[in-house]
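Trainee: For reference, the chains in residue letters:
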Amino acid sequence: MTVRIEPGDFAPALPADATELVFAPGVHRGPLVLTRSAHLRGEDGAILDAAGFGSVVQVHEDDLELTLENLTLRGGHADAGAGVRLGGYSTLRLRGCTVEGCRAPSNTGGGAWAWRGTLVLEDCTFRDNAARAGSDVMATGTARVEILRGTYAGDLAAREGATLLLEDARVEGRLDVRGTTTRAPSVRLVGSAPAGGVHNDPVLPGVVAEDG
Amino acid sequence: MLQRKSATQATTPPSTGATKTTSTTPAAPASTRQSRYGNAALSSQPSAATSLMNELVARTASSSTSKTGGSTAAAGKAPAGVKAPTGTAAPSKAPAGTQPGKDVYPAGPTGPAETASSTDGVLRPSRVSSRQAGALIASGDIVLQSTEKGGSTVASVVSGTAATVVSSKGARVKVRVRQGAGEVEGWVDTAVFSDQPALAKDEENPKLREDLVYSPIAGDHSPKDPKGTDTAQGGLGDCFFIASMAAVANAAPGLIADMIRYDPQRKTHTVRFYEESSRGSAKPIYIEVDGFLPTSRDSRNDPSYAGDPGGKMWPAIVEKAYAKWKGGYHVLGEGGTGEEAMTAITGGKSSVRDPSSMKESEVIPFFTTAKKDQKAIYAGVVSGVKSSQQQVLRGASDGPYAGKVAQTHRWNEIVPGTVKVTDDQGKAPAARDKGKEGDDTGVLSGRGVKDGSVGYKDSTLEIAYDAGRGPKDGKDLRVEFDYHGVVDVQSFLIGDHAYAFDKVVDGNKLQFYNPWGTYQPKPITAATFLQFFDTLALNTPPAAKTKS
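Heads up: the protein sequence lines correspond to chains B and W, in order. Heads up: the first sequence begins at 1 in our numbering, then just goes up one per residue. Heads up: the second sequence begins at 1001 in our numbering, then just goes up one per residue.
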């Protein structure tokens, strides 16, 4: 079932049986906590805005398949993943989305933070996000993050045992890679060279493979 | 954004010397305590921060005895007699025979493969590698020399000085140490190099580590009766981790007691964490640390990071082990989340509930049930709160208009990037600031705005408009902004800070524990919780380990 959402506060009352949500142009107030599989699509000019309270889009559940398309996520302010926060073993795909003005100033992953599951960022634009590390994207824990094309004005980071694939994306910031004493992230760069360089931490450096 | 040591050391209480054994405040200097933001409001106003901490701790810590006493820096043993490495146990592998709830702590080295011997309470690496962090520990001062074979004296440093390996050759190692506002490099015997986590970055000069030294704390600090109130955050921005420890100690004290073991032969502690490698699996990780903790140079009995509000040192031991595992104290200072930290401590599943999805009527029953179910509960406070509109700008014609916005608490500051100046009558154009986190001042700009500025810390603004674009009256100008610091003065809630839930009181209020070592805020209602908390993480400790 497809449901069209008008601008305004939407988080408390999303239809229980909707599998496709279409967001009308305008500002939709979040945060949006996704608890079931769904396809969320924005009409041009649709904005999800957390208004400075929590992460704009949050996924804490396991086994969900989620797609966000043509949406602008902004105004997130959280301890991690102010734009997108993936903590469950689910798959979250952002396609043609913009993540901007999201801040995790005391933590990591201002634009997006993934700890578990799979996060795919396809043709997305990240800008004006802030965090102590990974201002745009932080891949940590056991998460797999695939960044396919798109533009990233800030930094990316990979930690713990995460997997990060960066393919044909433009990254203006740096990529920080750091392991622990027991594991290291795996990073693969395909046609993508972060302008700020790749920085490996000495503890247990991540394995960075570059293909072209 | 963290601006700790240089800004705050001036307000650090004077050292009472290495023989100090009692304290009326938590060990770490009050002014160095950090929210998960680093809390610019605190660090930029050290005297206010100090007075606030004193205000806070006075309610919970009337007097405490430091267990760090007795040993002094000079008590660090000479490297003579250091044994050759006995093995390189894989730290990520659980020891044979390990079963849930029946962990068998491995004997001998359990940290990084380089860590091997400890006959004198100092962990010495069997080999060193470039960029490896550690400290120079010996029975007296240590001389850095210009060449691997000796040469002239480059510097003389006290035992415990933090060091980073530059290179090594034979039994000599070239290290880099901090000296004042700079660094020096020189050669020392490898035998004086000990395995210690890298310190946090100096917020005044992020190219340097903090100007701290490793100092010995003697004895067995494994907890017998751990409580959440044993924990106190120091000068490291890791309230997420301290609050997580407190939350787990509240819910499962037996698990905390079981996670730390002292080896009297090696004079070291081994701390058990868990690493989630795949869905539903968390394997134990054992990290061995010695009894040296970061302190200031002039107060070497008081740990600078996790402190000891009741004389309990186990939180500092656990914090050090976590830092060692993760790659250094600076990694903890980078921040983290409650769900990550609690999973690492208990091995149990963490879950997250977004407070914004809760109804007011759900809040008290939710916490009551979670407490009854022995869940560890961690909660985080929103960092920025929107101000009311303020008419504070005074001037005439096209300006300049200047004024100072009112703050609800003297610690509060404007959040950069959130200022908006508008004309109530619509004549003057809107102006916004483009500041970023960590800025002291910012520029106000907009079409028709000639120039403008904002002071984030002193809350002052000034704006001028292009000819003919100013407001009819300065009273028409409205200023809005987000502020951080004390976001709720009535209950004393600190913004962008993590808390451990303790209990429901009076049947309708929530009592949280502040990892600064005090019961603040005051018990809050469900409405206040929903208004200010944006993070709620729960952890279910494995049943076999929850009993004390």
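Hints in this document: simulated from the structure, not taken from any laboratory. For every residue, glycine included, the Cβ atom is placed at its ideal position computed from N, Cα and C. Take the hints with a grain of salt, since some may be wrong.
[Stated by the list, open to error] Computed from the model, here is a short list of chain B residues facing chain W with C-beta under 10 Å:
id : residue
1  : Gly54
2  : Gly88
3  : Gly161
4  : Gly197
Trainee: Each hint should be assessed against the structure and marked as holding or not.
Mentor: Hints, one by one, checked against the model:
Against a cut-off of 10 Å between C-beta atoms, the interface hint on glycine 54 (chain B) holds, since the closest Cβ of chain W lies about 4 Å away. Among the interface hints, the one on glycine 88 (chain B) holds; its C-beta lies about 9 Å from the nearest C-beta in chain W, closer than the 10 Å criterion. Taking 10 Å as the C-beta cut-off, the interface hint given for glycine 161 (chain B) holds, the closest approach to chain W being about 7 Å. For the restraint placing glycine 197 (chain B) at the interface with chain W, the shortest Cβ-Cβ distance is roughly 16 Å, beyond the 10 Å limit, so the hint is violated.
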